[in-house]
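Asker: Sequence:
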Amino acid sequence: MKIPYRLLKRFLHNYPNRRPHQPIPVETLNLDDMLQAKQSKAVWFGHSTVLMQIGGKTILCDPIFSNLFWFFSLFTGKRFTEQLPIVPQELPEIDILLLSHDHYDHMDYRSIMGIKEKVHRFCVPLGVGNRLRQWGIAREKIAELSYGETSCFGELIVTCTPNQHFSGRGLFDRNKTLWCSWVITSEKETIFFSGDGAYGPHFKEIGDQYGPFDLTLVECGQAIESFGAIHMTPEKAVQAQLDLQGQLMLPIHWGMFSQSNIEWTRQIERLLIEAERREVKVTTPKIGEIVTIGAERYPCITWWNELKD
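Quick note: the sequence shown uses the numbering used here, first residue 336, plus one each step.
A couple of the hints might just be wrong.
[To be verified] Lysine to aspartate or glutamate pairs mimicking DMTMM-like chemistry, simulated, CA-CA at most 25 Å apart: (1) Lys453 / Asp430; (2) Lys621 / Glu484; (3) Lys539 / Glu524; (4) Lys376 / Glu598; (5) Lys621 / Glu609; (6) Lys643 / Glu604; (7) Lys621 / Asp549; (8) Lys453 / Asp367; (9) Lys621 / Glu425; (10) Lys476 / Glu490; (11) Lys621 / Asp367; (12) Lys621 / Glu540; (13) Lys392 / Glu624; (14) Lys453 / Glu428; (15) Lys523 / Asp543; (16) Lys523 / Glu631; (17) Lys616 / Glu598; (18) Lys453 / Asp443; (19) Lys523 / Glu490; (20) Lys451 / Glu484; (21) Lys392 / Glu452; (22) Lys451 / Asp368; (23) Lys523 / Glu540; (24) Lys523 / Asp508; (25) Lys621 / Glu524; (26) Lys392 / Glu631; (27) Lys373 / Glu631; (28) Lys621 / Asp368; (29) Lys376 / Glu524.
[What the hints assert, rightly or not] Cβ pair distances, simulated, as ranges: (30) Asn640 / Lys539: 16 to 22 Å; (31) Gly503 / Lys523: 21 to 27 Å; (32) Glu614 / Met448: 40 to 46 Å.
For the record, the hints were derived by calculation from the structure and aren't laboratory data.
Remember, predicted model here, so these are calculated numbers, not experimental data.
Quick reminder that beta carbons are idealized off the backbone N, C-alpha and C, glycines included.
From just these sequences and the hints, can you work out the full model?
Answerer: Below, the structure is given as C-alpha coordinates:
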(Lines of atoms letter the chains of each structure in order from A and count residues from 1; the text may use other names and numbers.)
(Lines give C-alpha, C1' and ligand atoms only; values in the text may rest on other atoms or scores of the structure.)
Protein backbone atom coordinates (compact mmCIF):
# COMPACT_ATOMS: atom_id res chain seq x y z
CA MET A 1 0.00 0.00 0.00
CA LYS A 2 1.65 3.23 -1.16
CA ILE A 3 1.01 6.47 0.68
CA PRO A 4 1.44 9.57 -1.54
CA TYR A 5 4.12 11.91 -0.25
CA ARG A 6 1.78 14.89 -0.25
CA LEU A 7 -0.60 13.05 2.09
CA LEU A 8 2.24 11.79 4.27
CA LYS A 9 3.55 15.34 4.60
CA ARG A 10 0.15 16.54 5.78
CA PHE A 11 0.26 14.15 8.69
CA LEU A 12 3.92 14.43 9.66
CA HIS A 13 4.32 18.19 9.40
CA ASN A 14 3.63 20.04 12.64
CA TYR A 15 0.83 22.30 11.46
CA PRO A 16 -0.59 24.71 14.05
CA ASN A 17 -3.97 23.94 15.62
CA ARG A 18 -4.03 20.33 14.46
CA ARG A 19 -4.66 19.60 18.13
CA PRO A 20 -6.36 21.56 20.92
CA HIS A 21 -3.92 23.36 23.20
CA GLN A 22 -5.63 22.00 26.31
CA PRO A 23 -7.53 18.79 27.14
CA ILE A 24 -11.01 18.67 25.67
CA PRO A 25 -13.91 18.43 28.17
CA VAL A 26 -15.16 14.98 29.10
CA GLU A 27 -18.26 14.31 31.18
CA THR A 28 -18.29 11.37 33.57
CA LEU A 29 -20.91 8.86 32.47
CA ASN A 30 -23.61 8.07 35.01
CA LEU A 31 -24.64 4.51 34.23
CA ASP A 32 -27.86 4.82 36.23
CA ASP A 33 -28.97 7.67 33.96
CA MET A 34 -27.81 5.76 30.91
CA LEU A 35 -29.37 2.37 31.61
CA GLN A 36 -32.39 2.85 33.86
CA ALA A 37 -34.33 5.47 31.94
CA LYS A 38 -37.22 4.39 29.75
CA GLN A 39 -35.98 6.34 26.73
CA SER A 40 -33.14 5.13 24.51
CA LYS A 41 -29.80 6.89 24.88
CA ALA A 42 -26.53 7.42 23.02
CA VAL A 43 -23.16 8.56 24.36
CA TRP A 44 -20.27 9.63 22.14
CA PHE A 45 -16.79 8.66 23.40
CA GLY A 46 -14.90 10.61 20.73
CA HIS A 47 -13.92 9.60 17.18
CA SER A 48 -16.42 6.88 16.13
CA THR A 49 -16.97 5.16 19.48
CA VAL A 50 -20.58 5.33 20.63
CA LEU A 51 -22.33 3.53 23.50
CA MET A 52 -26.10 3.12 23.14
CA GLN A 53 -29.01 1.74 25.10
CA ILE A 54 -31.74 0.81 22.61
CA GLY A 55 -34.71 -1.48 23.05
CA GLY A 56 -33.33 -2.75 26.34
CA LYS A 57 -30.01 -3.72 24.72
CA THR A 58 -26.59 -2.17 25.30
CA ILE A 59 -24.71 -1.58 22.04
CA LEU A 60 -21.12 -0.41 21.57
CA CYS A 61 -19.82 0.81 18.19
CA ASP A 62 -16.16 0.81 17.04
CA PRO A 63 -14.60 0.99 20.53
CA ILE A 64 -11.31 2.89 20.78
CA PHE A 65 -10.12 3.44 24.36
CA SER A 66 -6.37 3.35 23.74
CA ASN A 67 -4.24 6.45 23.96
CA LEU A 68 -2.19 5.28 20.98
CA PHE A 69 -2.88 2.67 18.33
CA TRP A 70 -0.07 0.95 16.43
CA PHE A 71 2.07 2.87 13.90
CA PHE A 72 -0.81 5.15 12.88
CA SER A 73 -0.05 7.11 16.04
CA LEU A 74 2.91 8.50 14.08
CA PHE A 75 0.32 10.34 11.98
CA THR A 76 -2.43 11.03 14.49
CA GLY A 77 -0.48 11.48 17.72
CA LYS A 78 -2.04 10.70 21.07
CA ARG A 79 -5.70 11.18 21.90
CA PHE A 80 -6.67 14.76 22.60
CA THR A 81 -7.40 13.63 26.16
CA GLU A 82 -6.62 10.44 28.05
CA GLN A 83 -9.78 10.84 30.13
CA LEU A 84 -12.73 8.60 29.26
CA PRO A 85 -16.38 8.97 30.29
CA ILE A 86 -16.04 5.66 32.11
CA VAL A 87 -13.22 3.20 32.74
CA PRO A 88 -13.70 0.41 30.18
CA GLN A 89 -13.64 -2.22 32.92
CA GLU A 90 -16.66 -0.50 34.49
CA LEU A 91 -18.77 -0.64 31.34
CA PRO A 92 -21.99 -2.63 31.66
CA GLU A 93 -22.48 -5.94 29.91
CA ILE A 94 -22.41 -5.28 26.15
CA ASP A 95 -25.18 -7.12 24.32
CA ILE A 96 -23.89 -6.18 20.86
CA LEU A 97 -20.51 -4.83 19.78
CA LEU A 98 -20.59 -3.45 16.24
CA LEU A 99 -17.49 -3.06 14.09
CA SER A 100 -17.72 -1.15 10.81
CA HIS A 101 -14.36 -2.31 9.39
CA ASP A 102 -10.91 -3.45 10.42
CA HIS A 103 -8.89 -0.21 10.33
CA TYR A 104 -6.87 0.48 13.46
CA ASP A 105 -8.85 3.56 14.47
CA HIS A 106 -12.06 1.50 14.49
CA MET A 107 -10.89 -1.98 15.51
CA ASP A 108 -8.34 -1.66 18.30
CA TYR A 109 -6.82 -4.82 19.76
CA ARG A 110 -6.22 -3.51 23.28
CA SER A 111 -9.67 -1.94 23.53
CA ILE A 112 -11.44 -5.12 22.46
CA MET A 113 -9.28 -7.41 24.59
CA GLY A 114 -9.99 -5.26 27.63
CA ILE A 115 -13.76 -5.75 27.40
CA LYS A 116 -14.17 -9.01 25.49
CA GLU A 117 -15.59 -10.88 28.49
CA LYS A 118 -18.37 -8.28 28.76
CA VAL A 119 -19.45 -8.70 25.14
CA HIS A 120 -22.24 -11.18 24.40
CA ARG A 121 -22.13 -10.82 20.62
CA PHE A 122 -19.82 -9.26 18.04
CA CYS A 123 -21.53 -8.15 14.82
CA VAL A 124 -18.93 -7.58 12.12
CA PRO A 125 -18.71 -7.36 8.31
CA LEU A 126 -17.62 -10.39 6.32
CA GLY A 127 -14.02 -11.43 6.93
CA VAL A 128 -13.54 -9.45 10.14
CA GLY A 129 -14.69 -12.41 12.19
CA ASN A 130 -11.49 -14.24 11.30
CA ARG A 131 -9.44 -11.44 12.84
CA LEU A 132 -11.46 -11.69 16.06
CA ARG A 133 -11.00 -15.45 16.17
CA GLN A 134 -7.23 -14.93 15.82
CA TRP A 135 -7.48 -12.70 18.87
CA GLY A 136 -9.12 -15.48 20.85
CA ILE A 137 -12.77 -14.48 20.51
CA ALA A 138 -14.98 -17.57 20.49
CA ARG A 139 -16.56 -18.38 17.14
CA GLU A 140 -20.04 -18.65 18.67
CA LYS A 141 -19.85 -15.04 19.88
CA ILE A 142 -19.36 -13.66 16.36
CA ALA A 143 -22.06 -12.82 13.81
CA GLU A 144 -20.36 -12.16 10.47
CA LEU A 145 -22.63 -10.43 7.96
CA SER A 146 -22.65 -9.26 4.37
CA TYR A 147 -24.74 -6.41 2.97
CA GLY A 148 -28.45 -6.91 3.52
CA GLU A 149 -28.02 -9.63 6.13
CA THR A 150 -29.48 -9.29 9.61
CA SER A 151 -28.93 -10.56 13.12
CA CYS A 152 -31.78 -10.58 15.64
CA PHE A 153 -31.55 -10.02 19.38
CA GLY A 154 -35.06 -10.52 20.66
CA GLU A 155 -37.09 -7.73 19.11
CA LEU A 156 -34.00 -5.74 18.11
CA ILE A 157 -32.64 -6.22 14.58
CA VAL A 158 -29.15 -5.30 13.36
CA THR A 159 -28.69 -5.02 9.59
CA CYS A 160 -25.39 -4.82 7.71
CA THR A 161 -25.66 -2.11 5.04
CA PRO A 162 -23.34 -0.83 2.26
CA ASN A 163 -20.59 1.73 2.50
CA GLN A 164 -17.89 3.15 0.21
CA HIS A 165 -14.54 2.73 1.90
CA PHE A 166 -11.76 0.11 2.04
CA SER A 167 -10.19 -2.27 4.55
CA GLY A 168 -6.87 -3.70 5.65
CA ARG A 169 -4.44 -3.65 8.58
CA GLY A 170 -1.14 -4.18 6.76
CA LEU A 171 0.69 -3.88 3.47
CA PHE A 172 -0.69 -7.01 1.85
CA ASP A 173 -4.30 -7.40 3.03
CA ARG A 174 -6.05 -4.45 1.41
CA ASN A 175 -9.75 -5.12 0.84
CA LYS A 176 -9.55 -8.71 2.06
CA THR A 177 -12.42 -8.01 4.47
CA LEU A 178 -15.70 -6.16 4.05
CA TRP A 179 -16.53 -2.68 5.38
CA CYS A 180 -20.05 -1.57 6.17
CA SER A 181 -22.54 0.69 7.88
CA TRP A 182 -25.20 -0.57 10.30
CA VAL A 183 -28.94 -0.13 10.79
CA ILE A 184 -30.32 -0.85 14.26
CA THR A 185 -34.08 -1.33 14.51
CA SER A 186 -36.07 -1.64 17.73
CA GLU A 187 -39.80 -1.45 18.39
CA LYS A 188 -39.61 2.31 18.88
CA GLU A 189 -36.49 3.60 17.11
CA THR A 190 -34.35 3.15 14.05
CA ILE A 191 -30.68 4.15 14.27
CA PHE A 192 -28.00 4.43 11.57
CA PHE A 193 -24.25 4.09 12.18
CA SER A 194 -22.14 5.07 9.17
CA GLY A 195 -18.67 3.88 10.09
CA ASP A 196 -16.20 5.40 7.59
CA GLY A 197 -16.97 6.09 3.98
CA ALA A 198 -17.40 8.39 1.03
CA TYR A 199 -20.67 9.89 -0.12
CA GLY A 200 -22.62 7.86 -2.65
CA PRO A 201 -26.07 6.67 -3.77
CA HIS A 202 -26.11 4.03 -1.04
CA PHE A 203 -27.26 6.62 1.50
CA LYS A 204 -30.48 7.30 -0.37
CA GLU A 205 -31.00 3.58 -0.93
CA ILE A 206 -30.58 2.93 2.80
CA GLY A 207 -32.89 5.82 3.65
CA ASP A 208 -35.56 4.59 1.26
CA GLN A 209 -35.40 1.02 2.54
CA TYR A 210 -34.87 1.48 6.28
CA GLY A 211 -35.59 5.14 7.08
CA PRO A 212 -36.61 7.48 8.42
CA PHE A 213 -34.03 7.34 11.22
CA ASP A 214 -34.56 8.74 14.70
CA LEU A 215 -30.81 9.18 15.13
CA THR A 216 -27.94 8.92 12.67
CA LEU A 217 -24.29 8.57 13.67
CA VAL A 218 -22.62 9.92 10.55
CA GLU A 219 -18.98 10.53 9.77
CA CYS A 220 -18.36 14.25 10.19
CA GLY A 221 -16.46 14.37 6.95
CA GLN A 222 -12.91 15.20 5.94
CA ALA A 223 -12.19 18.82 5.12
CA ILE A 224 -9.70 17.71 2.46
CA GLU A 225 -11.04 16.97 -1.01
CA SER A 226 -8.31 14.43 -1.83
CA PHE A 227 -9.92 11.94 0.56
CA GLY A 228 -13.15 12.07 -1.46
CA ALA A 229 -13.03 8.45 -2.61
CA ILE A 230 -13.00 7.10 0.97
CA HIS A 231 -14.37 9.91 3.16
CA MET A 232 -17.06 12.56 2.83
CA THR A 233 -16.60 16.28 3.01
CA PRO A 234 -18.65 17.89 5.80
CA GLU A 235 -21.08 19.21 3.20
CA LYS A 236 -21.58 15.73 1.76
CA ALA A 237 -22.19 14.41 5.27
CA VAL A 238 -25.14 16.79 5.53
CA GLN A 239 -26.41 15.57 2.17
CA ALA A 240 -26.08 11.99 3.42
CA GLN A 241 -28.24 12.91 6.40
CA LEU A 242 -30.93 14.22 4.08
CA ASP A 243 -30.70 11.10 1.91
CA LEU A 244 -31.05 8.91 5.00
CA GLN A 245 -34.17 10.81 6.11
CA GLY A 246 -32.54 11.33 9.49
CA GLN A 247 -34.32 13.29 12.20
CA LEU A 248 -31.19 14.08 14.26
CA MET A 249 -27.53 13.74 13.33
CA LEU A 250 -24.72 13.03 15.79
CA PRO A 251 -21.44 13.63 13.93
CA ILE A 252 -18.69 11.05 14.54
CA HIS A 253 -15.10 10.47 13.38
CA TRP A 254 -13.76 13.69 14.86
CA GLY A 255 -12.73 15.27 18.16
CA MET A 256 -10.20 12.69 19.36
CA PHE A 257 -7.23 12.35 16.98
CA SER A 258 -5.46 14.69 14.58
CA GLN A 259 -6.47 13.51 11.11
CA SER A 260 -4.58 15.83 8.77
CA ASN A 261 -3.09 19.30 8.48
CA ILE A 262 -6.40 21.05 9.10
CA GLU A 263 -7.47 22.76 12.30
CA TRP A 264 -9.02 20.10 14.54
CA THR A 265 -12.43 21.82 14.59
CA ARG A 266 -12.63 22.59 10.87
CA GLN A 267 -14.80 19.67 9.86
CA ILE A 268 -17.45 20.10 12.57
CA GLU A 269 -17.63 23.85 11.93
CA ARG A 270 -18.14 23.38 8.21
CA LEU A 271 -20.75 20.72 8.88
CA LEU A 272 -22.73 23.00 11.19
CA ILE A 273 -22.70 25.83 8.66
CA GLU A 274 -24.07 23.52 5.97
CA ALA A 275 -26.57 21.94 8.37
CA GLU A 276 -27.97 25.34 9.29
CA ARG A 277 -28.23 26.30 5.63
CA ARG A 278 -30.16 23.13 4.84
CA GLU A 279 -32.16 23.01 8.07
CA VAL A 280 -30.67 19.76 9.33
CA LYS A 281 -30.78 19.09 13.08
CA VAL A 282 -27.37 18.27 14.58
CA THR A 283 -26.45 17.39 18.15
CA THR A 284 -22.92 18.17 19.36
CA PRO A 285 -22.53 16.55 22.78
CA LYS A 286 -19.35 16.69 24.79
CA ILE A 287 -17.61 13.37 25.13
CA GLY A 288 -19.60 11.44 27.74
CA GLU A 289 -22.71 13.61 27.50
CA ILE A 290 -25.94 11.64 27.13
CA VAL A 291 -28.17 12.21 24.10
CA THR A 292 -31.76 11.05 24.63
CA ILE A 293 -33.08 9.63 21.38
CA GLY A 294 -36.39 11.17 20.33
CA ALA A 295 -36.28 13.96 22.91
CA GLU A 296 -37.19 17.51 21.91
CA ARG A 297 -34.06 18.89 23.58
CA TYR A 298 -30.54 17.72 22.78
CA PRO A 299 -26.97 19.02 23.29
CA CYS A 300 -26.10 21.66 20.71
CA ILE A 301 -23.44 23.85 22.31
CA THR A 302 -20.22 24.54 20.39
CA TRP A 303 -18.09 23.51 23.37
CA TRP A 304 -14.85 23.51 21.35
CA ASN A 305 -14.91 27.29 21.03
CA GLU A 306 -13.98 27.51 24.71
CA LEU A 307 -10.66 25.80 23.90
CA LYS A 308 -9.53 28.21 21.20
CA ASP A 309 -6.83 30.77 21.86
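Asker: None of the hints should be skipped; say for each whether it holds.
Answerer: Evaluated hints:
1. Between Lys453 and Asp430 the CA atoms are separated by roughly 8 Å; this keeps the pair inside 25 Å, and the hint holds.
2. Pair hint Lys621 plus Glu484 does not hold up; C-alpha atoms about 33 Å apart against a cutoff of 25 Å.
3. Taking the CA atoms of Lys539 and Glu524, the gap is about 19 Å. The hint holds against a cut of 25 Å.
4. A threshold of 25 Å between alpha carbons decides the hint, and for Lys376 with Glu598 the separation of about 30 Å lies outside it, so the pair is violated.
5. In summary, the hint linking Lys621 to Glu609 is supported, as the alpha carbons are separated by about 21 Å, within the 25 Å threshold.
6. Of the supplied pair hints, the one linking Lys643 and Glu604 holds, its CA atoms being roughly 13 Å apart against a limit of 25 Å.
7. Restraint check: the Cα-Cα separation between Lys621 and Asp549 comes to about 20 Å, which is no more than 25 Å; the hinted pair holds.
8. For the suggested pair Lys453 and Asp367, the alpha carbons sit about 18 Å apart, so the restraint of at most 25 Å is met.
9. Distance check on the hinted pair: Lys621 and Glu425 sit about 20 Å apart at the alpha-carbon level, within 25 Å; holds.
10. At roughly 19 Å between alpha-carbon atoms, Lys476 and Glu490 fall within 25 Å of each other, so this suggested pair holds.
11. Between the alpha carbons of Lys621 and Asp367 the distance comes to roughly 19 Å, so the proposed pair stays at or under 25 Å and holds.
12. Of the pairs offered as hints, the one joining Lys621 and Glu540 is violated, with about 31 Å between alpha carbons and a cut-off of 25 Å exceeded.
13. For a cut-off of 25 Å, the pair hint linking Lys392 to Glu624 stands: about 19 Å separates their Cα positions.
14. At most 25 Å may separate the alpha-carbon atoms for a hinted pair to count; Lys453 and Glu428 meet this at roughly 5 Å.
15. Pair hint Lys523 plus Asp543 holds up; C-alpha atoms about 18 Å apart against a cutoff of 25 Å.
16. At roughly 16 Å between alpha-carbon atoms, Lys523 and Glu631 fall within 25 Å of each other, so this suggested pair holds.
17. Annotation: proposed proximity of Lys616 to Glu598 holds, straight-line Cα distance about 24 Å (limit 25 Å).
18. For the proposed pair Lys453 and Asp443, the alpha carbon gap of about 16 Å is at most 25 Å, so the pair holds.
19. For a cut-off of 25 Å, the pair hint linking Lys523 to Glu490 stands: about 10 Å separates their Cα positions.
20. Under the criterion of a C-alpha separation no larger than 25 Å, the hint pairing Lys451 with Glu484 is consistent with the structure, at around 24 Å.
21. Restraint check: the Cα-Cα separation between Lys392 and Glu452 comes to about 17 Å, which is no more than 25 Å; the hinted pair holds.
22. At roughly 24 Å between alpha-carbon atoms, Lys451 and Asp368 fall within 25 Å of each other, so this suggested pair holds.
23. With a C-alpha separation of about 22 Å, the suggested pair Lys523 and Glu540 falls inside the 25 Å cut-off, and the hint holds.
24. Taken as a hint, the Lys523 and Asp508 pair is broken in the structure, with Cα atoms around 40 Å apart against an allowance of 25 Å.
25. Straight-line distance between C-alpha atoms of Lys621 and Glu524 comes to about 23 Å, which keeps the hinted pair within the 25 Å bound.
26. The hinted pair formed by Lys392 and Glu631 meets the criterion: a straight-line CA distance of about 23 Å does not exceed 25 Å.
27. With a C-alpha separation of about 15 Å, the suggested pairing of Lys373 with Glu631 holds against the 25 Å cut-off.
28. Taking the CA atoms of Lys621 and Asp368, the gap is near 16 Å; set against the 25 Å cutoff, the hint holds.
29. A hinted pair counts as satisfied when its Cα atoms are at most 25 Å apart, and Lys376 with Glu524 qualifies at roughly 11 Å.
30. At roughly 33 Å, the beta carbons of Asn640 and Lys539 sit outside the given window of 16 to 22 Å.
31. The hinted window of 21 to 27 Å between Gly503 and Lys523 is violated, with their beta carbons roughly 38 Å apart.
32. For the pair Glu614 and Met448, the beta carbons lie near 44 Å from each other, so the given range of 40 to 46 Å is met.
Checked against the numbered hints given earlier, the structure breaks hints 2, 4, 12, 24, 30, 31 and satisfies all the rest.
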